[in-house]
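Trainee: Starting from the given sequences, assemble the full structure and let the hints guide the process.
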Amino acid sequence: MKYEATNLTVSSSPHAHSKNSTAVIMRDVCIALLPALIAAIRFFGWRALTLTMLSVAGCVFFEWGFRKLMKKDCTVGDWSAVVTGMLIAFVCPVTLPFWTILVADLFAIVLVKQLFGGIGMNIVNPALAARAFLFSWPSLMSGSWVRPGTAISAFSTPSAQVLDGLTSATPMAALAENTLSAESLLDLFLGNIGGSLGEVSAAALLLGGIYLLLRRVISVRIPLAYLGTVAVLTVLFPLGGNDCLDWMLCQLLSGGLMLGAIFMATDYTTSPVTHGGQIAYGIGCGVLTVLFRYFGSYVEGVTYAILIMNCCIGFFDKLGVPKRFGLVRQKKKGGADE
Amino acid sequence: MYRHFVIFLKIPENSTLQTVDFSKLLCYIKIVIIRIEVMQPMALSFFGGVHPKGYKELSCEVPILPFCPKTVSIAMSQHIGRPCTPLVKIGDRVSVGQKIGDGEGLCVPVHASVSGTVIAVELRPTPSGTDGMCVVIESDGRDTLCPDIHKRESIAELTGEELTAIIREAGITGMGGAGFPTNVKISSGLGKVDTVIVNGAECEPYITSDDRLMREAPEKIAGGIRIIQKILQPERTAVGIEKNKAKAIAAMQAALPGDVELLPLRVRYPQGAEKQLIQTVTGRCVPPGGLPAAVGCAVFNVATCAAIYDAVYEGMPLVRRAVTVTGRAIARPSNFSVPIGTLYSDLIEAAGGFSSEPYKILCGGPMMGIAQHTLACGTIKGNNALTCFSQADNHEVEVPHCIRCGKCLDVCPMHLMPLQLQRARQKGDLAALEKGNVMDCIECGSCAYNCPAGIHLVQSFRTAKKMLRDAKAKEAVK
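Just so you know, the sequences run in chain order A and B.
Take the first sequence: its position 8, counted from the start at 1, is 8 in our numbering, and no numbers get skipped.
Take the second sequence: its position 475, counted from the start at 1, is 1475 in our numbering, and no numbers get skipped.
Calculated directly from the structure, the hints in this document are not laboratory data.
Even glycine gets a Cβ: it sits at the ideal position worked out from N, Cα and C.
Zero decoy hints are in this set.
Reference listing, derived: stretches of chain B covered by chain A, where coverage requires no fewer than 3 residues with Cβ under 8 Å from a Cβ of chain A:
| # | segment |
| --- | --- |
| 1 | 1284 to 1290 |
| 2 | 1368 to 1380 |
| 3 | 1400 to 1406 |
| 4 | 1412 to 1425 |
Mentor: Take a look at the structure:
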């Protein structure tokens, strides 16, 4: 025989694979987060960038270090730690001391993600869990929302006295007191408001969301169900303002809702996989968010709403189990014969 | 979905707005909702599936060239069912079309594909990956026909039973890959089948043998369809071809009789899988564990139809078939008409040899093909291609981690939840596997193709099926 191949690989079919990989997906999420980062730099100065970079570096380092320490395979190459790092920075105020964000990174990566088995195994969203954890320092987290347009220097943390002169109330705080915020809806949409680093600009977040939809990283089901539920509930039960539509738009555009609905609730690991389950999950997130915002003692509800729903995905997955092939037809036949 | 919106919009045409029959309207709305909810396949489509890059341009313009090897190694087990018993021994002279193996039960005979001398009857490697009984024939290069082979001018006086017997004696099996004996398929469908579907989808990437056959011998396929129609007497006969094969569609359109529909299908893998094709063409879903006859359908591959034509009119058993030799590791991707049993090494030599170090060699295409460990195997009846991958096609991930993205669930044409099944298999949870209907898996590979983590889902489900079967067998023994 002229042709004898000796070094052939034998494995189960299929032998072809799509170009999609975990790293490609996570990189797409990072790209989708860039508009919001640029908006943050525009509104809060270069400290937004240094804080984000530090958080990413921290997450990647802790991921690498923990896997190394536990003698497991290195999963830094999948970019998921980068996404977590960016999201942690995005849910923090731009004035957060640098050490605090590293603590949050450690908490998110080691306690929330790796101790449960690493990527794909965590029960709750690491970035949101880190945010909930950071509320152990309420003064750092919610007492200091700087006004947009305040350029904070990239490498220093402003002292408390300096901060007092820079802070303002967020639209969320106004909504909690059943009044509309002073900012116009356009400012709310563009992000010219006080708030966490990455959550302020709804426009930038929507841009990222559209990119993710086009790249088919996320489907429209969860964000639409989430935002739709919040919209319906707030338009039906306005607590303040002259017009229920104004109230609804203010609710939609303030706080972490956009960031939560587009980037947090759609996190693969902590959201249901079945289509029906995803819709129900989105609705659940929406209902809880509105309940927290209306009746909670803390002004923001997105974090806890998503964290609570994260714990229920086992239930939601059972809701939308696809009907067995070959059984669907008979049912439909009965329906069509009516 | 579009179709239903049309229905939906049509309502005001028949009745004024005041007299809209609300119960009817509700019924329509319900149907639309059910459609969206269940994601029932729309017209000419099925649920799920993927769109792998085709690579058909490598070989689709190369005509099918006849190839005459020096030796052939003909496996005795080329179909689903019992293997044949060899009817010849070492030293026997055989001619083309002479029966060299046959058996009882679910079994069709095997014939000599070249004329010459039997040099071995022994265990040899077969494309399934295991060694099987093979008859090895050294060709004398003359391709002398067996004296039993007679042409038929007309089939008018032949009954369905006689035709089915001819098809069995010609050793015809499904040539799309699974290799189910065609005569059994026909006789089990008698009286139940109202729709005959001819499968020219060829949805697997790389493979072009059916495409070329439809372009070069459409009249043979049409003749084969006529014979099937004569036996099964269906109300409807349809040929499904994926839209990317425009030339094949044109050639078939010209050759097909008027009562046979030609359906250009959406280019989507696994369009050519039996259950999905039935769903596409008729909207019917084959029930779990059932055969196509359960929903009144019978599916035949285009190559099978051509083989039926040859068997009935030419008297020629299935001894040759078109095989695509392709892939990035092959110097000149080509289509050959090769005798059954042609060695892979000879085929690769005929296609110009390797252009780079081969990484994987597949019997079939990249989605469902079987990876080979040696080139000493001979081709079998269901072997439509030999795909040779180079190192550039290596996508192996060392330690895959499921990220629960659900992309496997989105593409599964059988409505399964691959990620749940995978977890159940890892835990060895047989009850969960059974409940998740792992036995429904058609192993098309869409889930594993689409998995961003690179998990070997199909391999896992094959293992799971075996675990379930073993457990059932154990129970039966008790």
